[in-house]
Amino acid sequence: MNKPIDHAEASSEFIAASDHIEFHDRRLWDLRTKRDRATAAIPEWEELRTLASQIKEHTLTHLADYLEQFERQAQANGATVHWARDAAEHNQIVHDIMAARGAKSLVKSKSMLTDECEMRPFLEQRGIEVIETDLGERIQQLDDEPPSHIVVPAVHKLRTDVAEVFARTLGTDPNNSDVHYLAESQRRTTRPSFLSADAGMTGANFAIAETGAVVVCTNEGNADLSVHLPRLYIASIGIEKIIPRTEHLGVFVRMLSRSALGSPITQMTSHFRVPRPGTEMHIVLVDNGRADRLAMADFWYSLKCIRCGACMNTCPVYRRSGGLSYGATYSGPIGAIIDPTYNLRKYSTLPFASTLNGSCTNVCPVRINIHDQLYKWRQVIAERNALPFVKKQAMKMGGKLLASPRLYRIAVEAAGAGVEYLPRIMMYSRANAWGKQREVPAAPAMTFRQWWLKNRGKP
Amino acid sequence: MNTREEMLARMRRSQPAPVALPELPAFAQGGGAAAAGFDAFCEALQRMGGKIAPAPAGGDADAAVRALFPDAKVICSATPEVRGTRTLDPTQSPAALDDVDVGVVRAAFGVAETGSVLLTETELQVEALGFLAQHLVVLLDPAKVVATLHDAYRDPAFAQARYAILMTGPSATADIEGVLIHGAQGIRSLTLLPRAA
Numbered sequence: 000m001n002k003p004i005d006h007a008e009a010s011s012e013f014i015a016a017s018d019h020i021e022f023h024d025r026r027l028w029d030l031r032t033k034r035d036r037a038t039a040a041i042p043e044w045e046e047l048r049t050l051a052s053q054i055k056e057h058t059l060t061h062l063a064d065y066l067e068q069f070e071r072q073a074q075a076n077g078a079t080v081h082w083a084r085d086a087a088e089h090n091q092i093v094h095d096i097m098a099a100r101g102a103k104s105l106v107k108s109k110s111m112l113t114d115e116c117e118m119r120p121f122l123e124q125r126g127i128e129v130i131e132t133d134l135g136e137r138i139q140q141l142d143d144e145p146p147s148h149i150v151v152p153a154v155h156k157l158r159t160d161v162a163e164v165f166a167r168t169l170g171t172d173p174n175n176s177d178v179h180y181l182a183e184s185q186r187r188t189t190r191p192s193f194l195s196a197d198a199g200m201t202g203a204n205f206a207i208a209e210t211g212a213v214v215v216c217t218n219e220g221n222a223d224l225s226v227h228l229p230r231l232y233i234a235s236i237g238i239e240k241i242i243p244r245t246e247h248l249g250v251f252v253r254m255l256s257r258s259a260l261g262s263p264i265t266q267m268t269s270h271f272r273v274p275r276p277g278t279e280m281h282i283v284l285v286d287n288g289r290a291d292r293l294a295m296a297d298f299w300y301s302l303k304c305i306r307c308g309a310c311m312n313t314c315p316v317y318r319r320s321g322g323l324s325y326g327a328t329y330s331g332p333i334g335a336i337i338d339p340t341y342n343l344r345k346y347s348t349l350p351f352a353s354t355l356n357g358s359c360t361n362v363c364p365v366r367i368n369i370h371d372q373l374y375k376w377r378q379v380i381a382e383r384n385a386l387p388f389v390k391k392q393a394m395k396m397g398g399k400l401l402a403s404p405r406l407y408r409i410a411v412e413a414a415g416a417g418v419e420y421l422p423r424i425m426m427y428s429r430a431n432a433w434g435k436q437r438e439v440p441a442a443p444a445m446t447f448r449q450w451w452l453k454n455r456g457k458p
Numbered sequence: 000m001n002t003r004e005e006m007l008a009r010m011r012r013s014q015p016a017p018v019a020l021p022e023l024p025a026f027a028q029g030g031g032a033a034a035a036g037f038d039a040f041c042e043a044l045q046r047m048g049g050k051i052a053p054a055p056a057g058g059d060a061d062a063a064v065r066a067l068f069p070d071a072k073v074i075c076s077a078t079p080e081v082r083g084t085r086t087l088d089p090t091q092s093p094a095a096l097d098d099v100d101v102g103v104v105r106a107a108f109g110v111a112e113t114g115s116v117l118l119t120e121t122e123l124q125v126e127a128l129g130f131l132a133q134h135l136v137v138l139l140d141p142a143k144v145v146a147t148l149h150d151a152y153r154d155p156a157f158a159q160a161r162y163a164i165l166m167t168g169p170s171a172t173a174d175i176e177g178v179l180i181h182g183a184q185g186i187r188s189l190t191l192l193p194r195a196a
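The listed protein sequences derive, respectively, from chains A and B. Per numbering that gives the first Met the number 0, the first sequence starts with residue 0, numbered consecutively. Per numbering that gives the first Met the number 0, the second sequence starts with residue 0, numbered consecutively.
These are calculated hints, taken from the structure and not from any lab test. The beta carbon of each residue, even a glycine, is placed where N, CA and C say it ideally should be. A few of these clues could be false.
What the hints assert, rightly or not - Here are the in silico distance ranges between beta carbons for each label pair: (1) A/170 x B/142: 18 to 28 Å; (2) A/15 x B/4: 44 to 54 Å; (3) B/53 x A/29: 51 to 61 Å.
Claimed, not checked - Per the computed footprint, the stretches of chain A lying under chain B, defined by three or more beta-carbons under 8 Å from a beta-carbon of chain B, are: (4) 302-316; (5) 353-361; (6) 365-374.
Said to hold, decoys possible - Some chain B residues close to chain A (C-beta under 8 Å, calculated; not the full set): (7) 42; (8) 45; (9) 62; (10) 65; (11) 68; (12) 69; (13) 73; (14) 107; (15) 108; (16) 168; (17) 170; (18) 177; (19) 180.
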């Protein structure tokens, strides 16, 4: 449980499947390109980012007051509000609500929070059937894998993989990997669950303090089906999802899907405020480490995140390693700065899964300084002596080398000469990760210093 | 201390120095694009997979819906302008709408920026109609289009309705290899029928 994730090793399996990684890289870059086109069409885009950041910072610095306001409003609307310190309390509350009403089946839309809480196995072990109704999340549930991306959970799978999973679990034709056939098969097999489920569940993209409304953004219509058919609706909400007023939705909804997929809005942007007559609405407000993160001077900004996934789509490391290699609910750049707050030892390699190019920060709709935080986490991890031995020794050597011009010159000249004559085994062995998937460029005939001395003058 | 009080106390201990709430600029306060064009709305809706039907000839919306879906067995309408084949009964279980081929509803207003229409329980009568029906026809008064989402969120429905949805085209998914499919879990198509209220 507490064993450190080896991100580089975990990604090697994904990298080895070359058609998968090639497609993964291309698909996510396509989302990034669509995002660029969508944001360029909004003249006030940068102003919206600043507003979104300020609204979130204001709310987070007044979080307790806004949650109390939200609770009052939700109760006035006829909803029941529950508070959960951690994942265990959240899961118990959901189970208790269902058990008290004899509810045995739950249809749910995608919620990273319930993945974070590992709610599904908890309920299943207690005899409750849980059906994920988002197509990507359903694929992952049936394949017994966590989602690899917070917006497109099965983005690491090809259609042939989905055909195999559905043939095994839904009884579809294993040789038919037509995407329309696969999606239709999931629609056909999920629909009876919507009609008969005892309870429905959603997460929340936003919760409005002023009105007590729970806002859920989906494209598939599955959240609305999960809420409008059963007689019991449960919404699980992380405490950082609160925003003060309805008018602030204008800012965030304009940005969310443009950042995520490049579309101006999700097909369905739903606002659930009052349970329909004869039904119940329960809201579970979950902390699970968020208040502790709020107290971290350098890292509380990550709580502004609206889970659009833009930082993942743009990240060269994420695109070429796949979300599962992070070994955590949240992957990519945002995961690499959130996960260490849950377990520093387990996730100590994740802040190193970045080139620090800063693209994540530039695409973030709420201006989280992601690459600064990655760098700060590296400092924290180095100070706590949590660096792997090889990296520590290499850094020590590098530090000595770079501190001494004489040593540096000798090393550079020797390396240039060395690469030419080294046997391949030394560059392309397991011990040297650099040599995987790439060739060393030809060493120039002379070093820059040698060229300068020859062409530009005196030493 | 119970869980609620403990959580709130912990948040109050953790909260960084207060940051002020920004005033929303003019573009978010009704000072945005002046002309809220119906044409712009139609273009945006089509980009999101919605269809635009011609305004019904002679103003007969019921005939227009039947002409759009000649093979439909069950047409269930939430607006008196269209009779359909079955009367919507809000006292029935919403699951009874499982066999509806075409649902019909009049939208409160449209949003030009995104091509969205606003529907609440007032328009839908039975919320599930907008999701269980295979296809949805939405009547919209071309004069009732606001420019941006900022304008949309100034509508009192978001504080007063039980449920409000900005619906933008049919349900969709691109979860397998990015292949776009209309008709994920909800409606397979959304057709807009322009008609003055």
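To see whether the hints hold, each was checked on the structure:
no.: 1; hint: A/170 x B/142: 18 to 28 Å; in the structure: 51 Å, violated
no.: 2; hint: A/15 x B/4: 44 to 54 Å; in the structure: 52 Å, holds
no.: 3; hint: B/53 x A/29: 51 to 61 Å; in the structure: 35 Å, violated
no.: 4; hint: 302-316; in the structure: violated (count 0)
no.: 5; hint: 353-361; in the structure: violated (count 0)
no.: 6; hint: 365-374; in the structure: violated (count 0)
no.: 7; hint: 42; in the structure: 11 Å, violated
no.: 8; hint: 45; in the structure: 12 Å, violated
no.: 9; hint: 62; in the structure: 28 Å, violated
no.: 10; hint: 65; in the structure: 25 Å, violated
no.: 11; hint: 68; in the structure: 19 Å, violated
no.: 12; hint: 69; in the structure: 23 Å, violated
no.: 13; hint: 73; in the structure: 16 Å, violated
no.: 14; hint: 107; in the structure: 13 Å, violated
no.: 15; hint: 108; in the structure: 14 Å, violated
no.: 16; hint: 168; in the structure: 5 Å, holds
no.: 17; hint: 170; in the structure: 4 Å, holds
no.: 18; hint: 177; in the structure: 5 Å, holds
no.: 19; hint: 180; in the structure: 5 Å, holds
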